[in-house]
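K.L.:
Those sequence lines, one after another, are chains E and A. My numbering applies: residue 1 is where the first sequence begins, and numbers increase by one. My numbering applies: residue 1 is where the second sequence begins, and numbers increase by one.
Calculated from the structure, these hints are not laboratory results. Certain hints may be false.
Over 10 Å on every C-beta distance to chain A, these chain E residues come out as not near it, computed from the model [to be verified]:
hint, residue
1, Met64
2, Ala68
3, Arg176
4, Ala266
Simulated restraints on C-beta separations [said to hold, decoys possible]:
hint, chain 1, residue 1, chain 2, residue 2, range
5, E, Thr129, A, Met114, 37 to 45 Å
6, E, Ser65, A, Gln156, 45 to 53 Å
7, E, Pro141, A, Asp92, 52 to 60 Å
8, E, Leu160, A, Gly160, 55 to 63 Å
9, E, Arg90, A, Gln205, 52 to 60 Å
10, A, Leu299, E, Thr129, 32 to 40 Å
11, A, Met114, E, Gly144, 36 to 44 Å
12, E, Tyr221, A, Gln156, 24 to 32 Å
13, A, Phe181, E, Ser279, 53 to 61 Å
Note that the Cβ used here is the ideal one computed from N, Cα and C, for glycine as well.
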Amino acid sequence: METLIQQILNGLVIGSVYALIALGYTMVYGILGLINFAHGDVLMVGALTALQTMMFLMGVAPGMSPIAMLTIALMVAIPVCMMIGFTMERLAYRRLRNAPRLAPLITAIGMSFLLQTLAMIIWGRNYHTFPQLISTTPMQPIEGVFVTPVQIFIIIASALIMIGLSLLVNKTRIGRAMRATAENHRVASLMGVDTNAVIAFTFVIGAALAAVAGVMFASNYGIAHYGMGFMPGLKAFTAAVLGGIGNLGGAMLGGIVLGLVESLGAGYIEHMTFGFLNSSYQDIFAFIILGLVLIFKPTGLLGERVSDRA
Amino acid sequence: MNELVSAVPWLGKRNPMAARWLIIILAIAAPMVAMLFGRSWVRILDFALLYMMLALGLNLVVGFAGLLDLGYIAFYAVGAYTFAFLASPHFDVHLPFWVVLPLGAAFAGMAGIMLGFPVLRLRGDYLAIVTLGFGEIIRIFMNNLNYPINITNGPQGINGLDSINLFGWDLARNLQVTEDFSINSLFLYYYFFLACVVGSIIFIQRLQISRIGRAWAAMRDDELAAKAIGINTRNLKLLAFSMGATFGGVAGCLFGAFQGFVSPESFSLMESIAVLTMVVFGGMGNIAGAIVGAFALALLPEVLRDVAVPLQQTLFGHVLLDPEVLRMLLLSLAMILMMLLRPAGLIPARARYAHPENLHRSAAK
Numbered sequence: 001m002e003t004l005i006q007q008i009l010n011g012l013v014i015g016s017v018y019a020l021i022a023l024g025y026t027m028v029y030g031i032l033g034l035i036n037f038a039h040g041d042v043l044m045v046g047a048l049t050a051l052q053t054m055m056f057l058m059g060v061a062p063g064m065s066p067i068a069m070l071t072i073a074l075m076v077a078i079p080v081c082m083m084i085g086f087t088m089e090r091l092a093y094r095r096l097r098n099a100p101r102l103a104p105l106i107t108a109i110g111m112s113f114l115l116q117t118l119a120m121i122i123w124g125r126n127y128h129t130f131p132q133l134i135s136t137t138p139m140q141p142i143e144g145v146f147v148t149p150v151q152i153f154i155i156i157a158s159a160l161i162m163i164g165l166s167l168l169v170n171k172t173r174i175g176r177a178m179r180a181t182a183e184n185h186r187v188a189s190l191m192g193v194d195t196n197a198v199i200a201f202t203f204v205i206g207a208a209l210a211a212v213a214g215v216m217f218a219s220n221y222g223i224a225h226y227g228m229g230f231m232p233g234l235k236a237f238t239a240a241v242l243g244g245i246g247n248l249g250g251a252m253l254g255g256i257v258l259g260l261v262e263s264l265g266a267g268y269i270e271h272m273t274f275g276f277l278n279s280s281y282q283d284i285f286a287f288i289i290l291g292l293v294l295i296f297k298p299t300g301l302l303g304e305r306v307s308d309r310a
Numbered sequence: 001m002n003e004l005v006s007a008v009p010w011l012g013k014r015n016p017m018a019a020r021w022l023i024i025i026l027a028i029a030a031p032m033v034a035m036l037f038g039r040s041w042v043r044i045l046d047f048a049l050l051y052m053m054l055a056l057g058l059n060l061v062v063g064f065a066g067l068l069d070l071g072y073i074a075f076y077a078v079g080a081y082t083f084a085f086l087a088s089p090h091f092d093v094h095l096p097f098w099v100v101l102p103l104g105a106a107f108a109g110m111a112g113i114m115l116g117f118p119v120l121r122l123r124g125d126y127l128a129i130v131t132l133g134f135g136e137i138i139r140i141f142m143n144n145l146n147y148p149i150n151i152t153n154g155p156q157g158i159n160g161l162d163s164i165n166l167f168g169w170d171l172a173r174n175l176q177v178t179e180d181f182s183i184n185s186l187f188l189y190y191y192f193f194l195a196c197v198v199g200s201i202i203f204i205q206r207l208q209i210s211r212i213g214r215a216w217a218a219m220r221d222d223e224l225a226a227k228a229i230g231i232n233t234r235n236l237k238l239l240a241f242s243m244g245a246t247f248g249g250v251a252g253c254l255f256g257a258f259q260g261f262v263s264p265e266s267f268s269l270m271e272s273i274a275v276l277t278m279v280v281f282g283g284m285g286n287i288a289g290a291i292v293g294a295f296a297l298a299l300l301p302e303v304l305r306d307v308a309v310p311l312q313q314t315l316f317g318h319v320l321l322d323p324e325v326l327r328m329l330l331l332s333l334a335m336i337l338m339m340l341l342r343p344a345g346l347i348p349a350r351a352r353y354a355h356p357e358n359l360h361r362s363a364a365k
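So that you can see chain E by itself, here it is in the shape it has in the complex:
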């Protein structure tokens, strides 16, 4: 029983991070029909920039309170990622908007590897220890179940961000413009929406979410390195597909569900396969889910968009 509750808790934590990343994928996909492969790597840049800032702050003002330090680190990481998102869209994706459909996809893959290589040049190949600014001492709300303040922070922060994003998309002027552009570029621009600006804005917002998710991810696991964005990026994409790509609520739901499945799966796989497979197979759950969803319900849990635009 304790294992079950523990795994559900872990699943919720990692699931909320996936959900944040998935939102970035799904927003861009909803508007452009493009899978931004480099999204996971924006997360990595966010985490490493935050790490760099913290290191700097620790050197300059060693007595600074952890919360202030984390806030400043985020204040640096978020704009940096926003810049990257904006630049990617401006320099590469915008020019390829009317290109054959493989072109933007291949560019996105190139972008992803470019970011990784640049990060490798700047930060080296090593794994860096990510400072644990929020306490990681586990508490025991229930006997045998451990939860750390970082995990609580992650769940609460991502819930708040998701609420904020829903308000942005559903209640504001720019949100309406985003929805209109997702529906139909040309008609939206005839209605006076500056679609280029809206698309750039979407990239920027997605990148900001990725930056936050990156800091969360690195805080949770305590490490950061140049390739850390790849797996969460891939899984978040799975989450976006699971929820129904292009659908914001779906991305959130998909992220949580994927996190739960993954951590429950990792916890019980040894029992299920009689010890043949162990928790090092954790990463395959995301892909199995992706495969199953695409076979049986390609529109995802909440999606109405048909997968084949033809």
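Using the hints provided, position chain A relative to the given structure of chain E.
P.N.:
Quick look at chain A alone, frame taken from chain E:
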């Protein structure tokens, strides 16, 4: 061949016959020239030929059928591991090369079909992710299937694979022609691989102008229209997948036998991306493009090691970027810039009906 011939700068358009002979002579003389720079360069050429096979196979999937496959290296891995299981001391099974090669090809082809089924109805971008995931799954299994039963020997990989043995003629041994003249085994491998590549080229060229190849092109350019004129896109996608995978499997078998050991490290995502870059760089949907791209990018890391490192040392006094980083940087930039500036690649594929005579020939059959 014709595409390759006309891609030869200057000579190709003026004197195709001379260009053709130039290519043939270059292909045959390449290892001898490479030998002047040292034995390791011959080895590099051997690997370049393997990459050519991979690029040709991936070009079939990406270029001809328009399906973006990011896990292509997984089929390479299936081929290589099949060889490792069936021809090494690991299980103490030593089947002859001619038995293992078709088996490796068949397993890879089946893996292609297995992967193809779930993704049949999907658009290109989903396909990319699913294939990427498939590549990762294969890698995770290769890394972890050493417990509780040791199948793949985990991250250490499998050692001591048998060499290629053509009817009693072992390619791993130097061929003793006369008493004091022998042909190095690397040369033997080179010519054997060259023969395989040439065979693949001929096969793929015939395939491209066949009914299947034309159906693929139609499907790639407009799937809806292709369906409307009665093309069974599902089966053709499956066929493209499994056929591309078969090429990967064959190349994998050759790779395993040539290198003598296999480990999961050789089949990382980066390799898939590298092969994709070869196809994109050379020109999608174009046999000559795949060959030129594979050749250029397979040689790139070695050239970087020999040129970029000393160059950096003289310019900056120390090595700023090591060759591996530089390779990744150039590959990713190549992908982005090619798509932005020259989306058709170095050697753009010709319009489909540039060879009406070929169409008639295949129609007459």
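K.L.:
Each hint needs a verdict: does it hold in this structure or not?
P.N.:
Now for the hints, and whether the structure bears them out:
1. Its beta-carbon lying about 34 Å from the closest one in chain A, methionine 64 of chain E satisfies the requirement of being farther than 10 Å from that chain.
2. The Cβ of alanine 68 of chain E sits about 36 Å from the closest Cβ of chain A, beyond the 10 Å cut-off, so the non-interface label holds.
3. With a least beta-carbon separation of about 27 Å from chain A, arginine 176 of chain E lies farther than 10 Å from that chain, consistent with its non-interface assignment.
4. Against chain A, the non-interface label of alanine 266 of chain E holds: every CB pair exceeds 10 Å, the least being about 13 Å.
5. For the pair threonine 129 of chain E and methionine 114 of chain A, the beta carbons lie near 41 Å from each other, so the given range of 37 to 45 Å is met.
6. Hint check: serine 65 of chain E to glutamine 156 of chain A, Cβ distance near 48 Å, so the stated range 45 to 53 Å holds.
7. The beta-carbon spacing between proline 141 of chain E and aspartate 92 of chain A, approximately 55 Å, falls within the hinted interval of 52 to 60 Å.
8. Look at leucine 160 of chain E against glycine 160 of chain A: about 58 Å separates their beta carbons, and that is inside 55 to 63 Å.
9. Separated by about 41 Å at the C-beta atoms, arginine 90 of chain E and glutamine 205 of chain A break the suggested range of 52 to 60 Å.
10. Leucine 299 of chain A and threonine 129 of chain E have their C-beta atoms about 39 Å apart, which keeps the hinted 32 to 40 Å range intact.
11. The hint said 36 to 44 Å for the Cβ distance between methionine 114 of chain A and glycine 144 of chain E, and at roughly 42 Å that hint holds.
12. Between tyrosine 221 of chain E and glutamine 156 of chain A the beta carbons are some 26 Å apart, a value that agrees with the proposed interval 24 to 32 Å.
13. About 58 Å separates the C-beta atoms of phenylalanine 181 of chain A and serine 279 of chain E, a value consistent with the hinted range of 53 to 61 Å.
Hint 9 from the earlier list is the only one contradicted by this structure; the remaining hints agree with it.
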